[in-house]
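Residue numbers (our numbering): 1 to 184.
Just to be clear, a hint being listed does not mean it is correct.
Cut-off 27 Å, straight-line C-alpha distance, at most; resulting in silico cross-link-like pairs (DSS-like, lysine-lysine) [stated by the list, open to error]:
hint, residue 1, residue 2
1, Lys17, Lys160
2, Lys139, Lys160
3, Lys173, Lys160
4, Lys172, Lys103
5, Lys132, Lys160
6, Lys20, Lys139
7, Lys20, Lys155
8, Lys139, Lys155
9, Lys17, Lys155
10, Lys160, Lys20
11, Lys172, Lys20
12, Lys17, Lys139
13, Lys155, Lys132
14, Lys132, Lys17
15, Lys132, Lys103
16, Lys103, Lys20
17, Lys20, Lys132
18, Lys173, Lys20
19, Lys160, Lys172
What follows is a set of in silico ranges between Cβ atoms, one per label pair, in the way DEER data are often shown [to be verified]:
hint, residue 1, residue 2, range
20, Val174, His119, 24 to 30 Å
21, Gly50, Lys139, 27 to 33 Å
22, Ala150, Asp9, 35 to 41 Å
23, Lys160, Tyr77, 34 to 40 Å
24, Arg163, Asn70, 30 to 36 Å
25, Pro86, Lys160, 29 to 35 Å
26, Gly59, Arg123, 16 to 22 Å
27, Ala168, Pro58, 24 to 30 Å
28, Gly102, Lys160, 16 to 22 Å
29, Ser41, Asp10, 14 to 20 Å
The hints are simulated quantities; they were obtained by calculation from the structure and are not laboratory data. Treat the numbers as computed from the prediction; the structure is a model and nothing was measured. Every residue gets a Cβ at the ideal spot worked out from N, C-alpha and C, and that includes glycine.
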Amino acid sequence: MCEAEAKADDLPRVLLKTNKGDIEIELFENEAPNTVANFVSLVDGGFYDGLTFHRVLPGFMAQAGCPQGNGHGGPGYLIPCECYEPNHRLHFRGSLSMAHAGKDTGGSQFFLTFLPTSHLDGRHTVFGRVVKGLDVLHKIQRRDPEELGAPDPDKIIEAKVLRKREHAYEPKKVGDPVTAPTPP
């Protein structure tokens with residue numbers, strides 16, 4: 001889909017204002033409605049403001065959305081995976097996907113891919129794509145939170161909804177929260 005086609009639709013969009021620049025994301029509400037509802041509700045509530053890209057692996061992905069900054073936190077609830085649906089999206093360069101510790105254990109942590117990651121297809125819900133700022137994504141500081149002396153992480157200064165459809169964004173929640181999403 002080209003940029004003109006992307007602007008012509010009504011899919012929700014979110015802006016991640018980072019200390020490296022802006023990343024604009026289009027959300028795949030048609031294919032992952034609950035995951036998008038969850039993300040939009042968290043963005044609207046200011047959940048991501050000030051959080052870090054706590055895990056960034058070169059040639060793979062940048063992970064964010066952990067309030068503890070170490071990959072072991074979440075919003076206090078879980079949402080079901082939508083990657084098992086027949087119309088699920090595949091992981092391509094610039095995909096926005098839900099991080100989790102297993103089926104139906106996503107919450108707030110997400111990752112943005114630097115390259116196609118087909119080994120994650122059908123395992124993690126792809127619920128959006130970078131439409132502007134892919135160059136900014138590639139500037140995010142590489143880091144592994146488990147490494148001693150890891151550099152300070154880059155931050156999401158503010159996340160805001162640019163556009164959404166005219167309905168409530170209230171995610172369906174499941175089960176009890178777990179402590180740590182498994183890295184993708």
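* Does the structure break any of the earlier hints, and which numbers would those be? -> 11, 15, 16, 18, 21, 23, 27, 28
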